[in-house]
Each structure stands twice: as C-alpha cells, then as structure tokens.
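Asker: Same order as they appear, the protein sequences are chains U and W.
Under the working numbering, the first residue of the first sequence is numbered 1, with each subsequent residue one higher.
Under the working numbering, the first residue of the second sequence is numbered 236, with each subsequent residue one higher.
The set of hints was computed from the structure by calculation and includes no laboratory data.
There's no promise every hint is true.
Covered stretches of chain U, going by a simulated chain W footprint (3 or more residues, C-beta under 8 Å) [said to hold, decoys possible]: (1) 80-94; (2) 202-211.
Here's a subset of chain U near chain W, in silico, CB distances under 7 Å, partners left out [what the hints assert, rightly or not]: (3) Asn16; (4) Gln18; (5) Pro24; (6) Glu166; (7) Thr186.
FRET-style restraints, in silico, Cβ to Cβ [what the hints assert, rightly or not]: (8) U/Glu203 to W/Gln418: 57 to 63 Å; (9) W/Gln531 to U/Met1: 33 to 39 Å; (10) U/Ser2 to W/Gln461: 26 to 32 Å; (11) U/Val204 to W/Gln318: 40 to 46 Å; (12) W/Gly445 to U/Ala9: 34 to 40 Å; (13) U/Arg129 to W/Pro436: 36 to 42 Å; (14) U/Leu4 to W/Ala393: 41 to 47 Å; (15) W/Gly336 to U/Ser205: 32 to 38 Å; (16) U/Val204 to W/Gly445: 50 to 56 Å; (17) W/Thr505 to U/Glu203: 55 to 61 Å; (18) U/Gln18 to W/Gln318: 14 to 20 Å.
Note that the structure is predicted; figures quoted are calculated from it, not measured.
Don't be surprised by glycine CBs; every beta carbon is placed ideally from N, CA and C.
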Amino acid sequence: MSFLSKVIAWFADPANWQGSDGIPTRLVEHIELSAEAVAIGAVIALPIGIVLGHYGRFGNAAINLSNVGRAVPSFAILVVAFQAFGLGNLPIIVALTALAIPPMLTNSYVALNEVDPDIKEAARGMGYRDFAQLLRVELPQAVPLLMAGIRTSAVQVVATATLAAEIAGGGLGRFIVDGYAQQIYTEVFGGAVLVALLALATEVSLSGVQKLLVPRGLRLQKAPAAQRATTFKTA
Amino acid sequence: MNWKLRSAYLAASIAVAVAIGACGSTSTPAAKGNITIGGFAFSEGSVLAELYGQALQHDGYTVTFKLNLGSREVVAPAIKSGQIDMYVGYAATDLEFYNSGAGEASGDPIATTAKLNTHLQSLGLVALTPSNTVDQNAFAVTKATAAKYSLTKLSDLAPVASQFVLGAGPECKTRPFCLPGLQNTYGLHFKDFKTLDTDGPLTRAAFKNGSIQIGLVFSSDADLNQLGLVVLQDDKHLEAADNVVPILRQAVATDEAKTVLNSISSKLTTKDLVQMNSQVELLHQDADAVTLAWLQQHNFSS
Chain U
1 MSFLSKVIAW
11 FADPANWQGS
21 DGIPTRLVEH
31 IELSAEAVAI
41 GAVIALPIGI
51 VLGHYGRFGN
61 AAINLSNVGR
71 AVPSFAILVV
81 AFQAFGLGNL
91 PIIVALTALA
101 IPPMLTNSYV
111 ALNEVDPDIK
121 EAARGMGYRD
131 FAQLLRVELP
141 QAVPLLMAGI
151 RTSAVQVVAT
161 ATLAAEIAGG
171 GLGRFIVDGY
181 AQQIYTEVFG
191 GAVLVALLAL
201 ATEVSLSGVQ
211 KLLVPRGLRL
221 QKAPAAQRAT
231 TFKTA
Chain W
236 MNWKLRSAYL
246 AASIAVAVAI
256 GACGSTSTPA
266 AKGNITIGGF
276 AFSEGSVLAE
286 LYGQALQHDG
296 YTVTFKLNLG
306 SREVVAPAIK
316 SGQIDMYVGY
326 AATDLEFYNS
336 GAGEASGDPI
346 ATTAKLNTHL
356 QSLGLVALTP
366 SNTVDQNAFA
376 VTKATAAKYS
386 LTKLSDLAPV
396 ASQFVLGAGP
406 ECKTRPFCLP
416 GLQNTYGLHF
426 KDFKTLDTDG
436 PLTRAAFKNG
446 SIQIGLVFSS
456 DADLNQLGLV
466 VLQDDKHLEA
476 ADNVVPILRQ
486 AVATDEAKTV
496 LNSISSKLTT
506 KDLVQMNSQV
516 ELLHQDADAV
526 TLAWLQQHNF
536 SS
C-alpha cells in the first residue's frame, strides 16, 4: 500500500471519526482555541491600533513593538507559560494571543492612518465630531486593511494552534504529536492535511465576511466604469 | 627573573606535563572503536545510557551519546538500521515489543531474556545478561484519591475505574504491560485515556491539576513520595521481569565490550538506580555527573 493510499484509508476509517480522540472532537477543540485567541487578540490590538491610527501618533512605536512580537517564537512562549500556569488551556491561549496581536495591531494602525485626509476633512466640514467621524467615516474606509490583518492573524493562529498538543492539549495537533511519538506517519500526515484545510477554510470564510463589510461606495470604486456610471445618479 | 625562580617554574611545568601525560595514558590506550548509544526519553533512560556508555568510554571506546530519542517506537528502528549500536532496555517490555505482544514474558529474567534473544537473533541484535536491577511500569494515584476510595492495589480500582482518567504516553495504548494489560488482566475500563508523556513533567502536572486520577510512573522513580503519589500494588502480577538489560548490534558485541557491560549489570542494583534517579529528578543534577560518581565509586574509571 502506498503512503497516500494509507492516508486515505486513515481518513476513511470510521473509528477515527468518533470518540474523544476523533476528528470532529479535535476539530471543534482546535476551532475553539483559535477563535478564543483571535478574539482576545482583537480586543487588545484593534482598539489600540485604531486609536493610534486615528490620531496618527506613536505609529512607529506600535509597529516596531509589533515586529518584535512577531519575532518571539510561539513555542518558547508556550513553554514559559506552561511553567507559570501548569496544564490546561491558559498557556496555549497566551502563546496564540501573543501571535495574533502583531498583524492586527500593525494593520489597524496603517488602515486608519491611510484614510484619505480629504475625506476626513469633508466629514469635518459636514459637522461630524471626532468619535462619530471615526465610527461612520473612517472605520468603513479602513475595513479592507483591517480585515486583512484579522485574516492574517486568524490563519496564523489556526496553523500554530497545533502546539497545544505539545503540552497535553487538544486540537488537530494531537494527531501530529501522537502519530510522531509512535512513528505512525499516516496519522501525522492526516493531521497536517486537516490543519491546512482548516486554515484555508478560515481564510475563505473571513474573505467572505470582508466582502460583506466593505461599504458599498468602496466596492463600487473598484467596479468597472460601465457599472459605476449607471449606479450614481448624475444631476 | 633570577635562575632560582626560573628553575622553579620549569620544574613546576614539567611536573604538570608529567601529571597530565600520566593521567592521559592510564585512561586511554589505543582507541577500541566507536559505539553509538541511544537513550529513551525519560530521565532514567539518560541515566542508564550514560552509565553503560561511560563505562565503555573508560575502557577505551569512543562513545557517541544520542539521548532522549523517544519511545521504543523510535529506538528500535534506530538500532535495527544501525543508526545506534546499543540501547539499555528492559527484558520483559522489550520481549513483548519484538514479539508483537505474544505474551511470552514471565517473572523470570533469565528465561525472558533467552526468549528475547530468539527474536533478536534474526534482526542482528543481541541482549546481554540481565541485571538484577528492575524497573517496571507502575500505576500511581494521589494520596488523597487512595484514601478516598481505599485503594492499595490495582484490583481495588474495579468499582471506580469508570470514573477515572488514565494518563500515560501514547505508546501505553498498545503496550501489553500498560492499558491493554489493565483491561485484560484486571478488567479495568477507564472513563478516558489522556495522552501525556512517559513518566515526565506532563504526567506530574496532570496529577497536580486533577486532569488524571491515575497515571503511569516507573517503579524506580524517586520523586513519587515528594509529589504525594502512591503506587498501587500489582497484585495480579501483570508486570513481568523488566530487568535492565543492554541490547546491542551483534557487530559491536565483542567479548571485551560484553565483559565491560556485563560487569556493570552485575554490580548495579535497584537501590543504586533509585538513588541515581533521585539525584537527577530531585536534586536536578546532570545524569552524566551522577553516573560518573557511581562508576568512580565502583572503581570503573581512572
């Protein structure tokens, strides 16, 4: 039996789809871990990035801090957090949140900073005050870059959440770690394929969310000329 | 400087040179060849690999250590393919590994090793004389759990097993002296099996935070009492003769190597091994320093 056919057999085996060790359980655990980390990261990174970008201050500091954060290896954070907090989900959430913050922080700062100053001035002229301007004019303009940051974060976190298995956690990393420990490479490969598919699915679904959130005006700006002409009334 | 000082310096440096030369010459005659020794991924595995390896080193062999390789699933293919030349195994568990769980192991170390050699022969490997030092699988619970459910032996688990989570390394699910043995010999069916490490920090952390109620440890572990763990007695004799036994590739099993290794095996006792384990696990000393001290104590080094 070739290696690939063994992997297909592994996926086809119903025993691998049930129980606390089965693919659905591990998939749900993995999604829960990733979602939690990205959510906490967003709560921390987005407000900071948005506020700094809106006022255009401390941008370099924020971006440099972000880059330093990206350089710290998640595995190292995980081990240190394990020493501090013991077993459980806390160490992996700490490591994954540290991974999730930099892309969202950098992108939200740049997104808000790069909003066309003419638009901001026009809004000011129309009477928008600070917070309302931020909310109703700048944020919608910033959606594409913001969502790009969130997407990057989410995909990275999904791919790295396999580390949870190193400290007896759950998730799809279990197949990789356990298979490797027992030298069952079909299981390792199966786990890797599942993680890759999940990362792809995350990217595609968040792209869908982005399409929904981009304001109509921005979407139309990029539309071909013929469509644009008929959508806006002239005179 | 005057001639008195200069001649004093000269005499001192000659003395030092002679001393270094003398030490050097007594410990290494002509090199006897290379041996690569592999170790399991738990602290006792490193201790035993260092012990036998350093003995060979002091006898003149050039020894390469490959410690913390993993479980037998990693070590056995490594020795079969020649990537390592020897490892220190345990007679009964190794027998049941190489005979695919056929159930040939018994409580007799000599008979068990003899059967092991019948399986190793065709693989180009050989097991030497087993030591009297024993390290078997042991199953521990916290003192609180033992008190709550009145547990002293494994049979006592029968009524409560369905409420307990068992924690061990991933290979425990397929080892006859681990999960299958508990199921078949004792009729225990646990609530769940949690994959941790083989008697390592994850297992100890899991006991501490209550995610497992029973876990696999080793009978020669030194830190169980300090951690508040108590081993349940193996009253139905599930565990067999897991005597320490070096396993070598036949190519490196020269008479001289075998003599050195067998003399270590005959001098080593379970008490010594537990003592060395406690120095590594509790006092956090390095395995190679601990084994060197044992060798010097037993006159194996210069």
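Asker: Any hints this thing doesn't respect? Which numbers, in order?
Answerer: Hint check: 2, 3, 4, 5, 6, 7, 8, 9, 10, 13, 15, 16, 18 fail, others pass.
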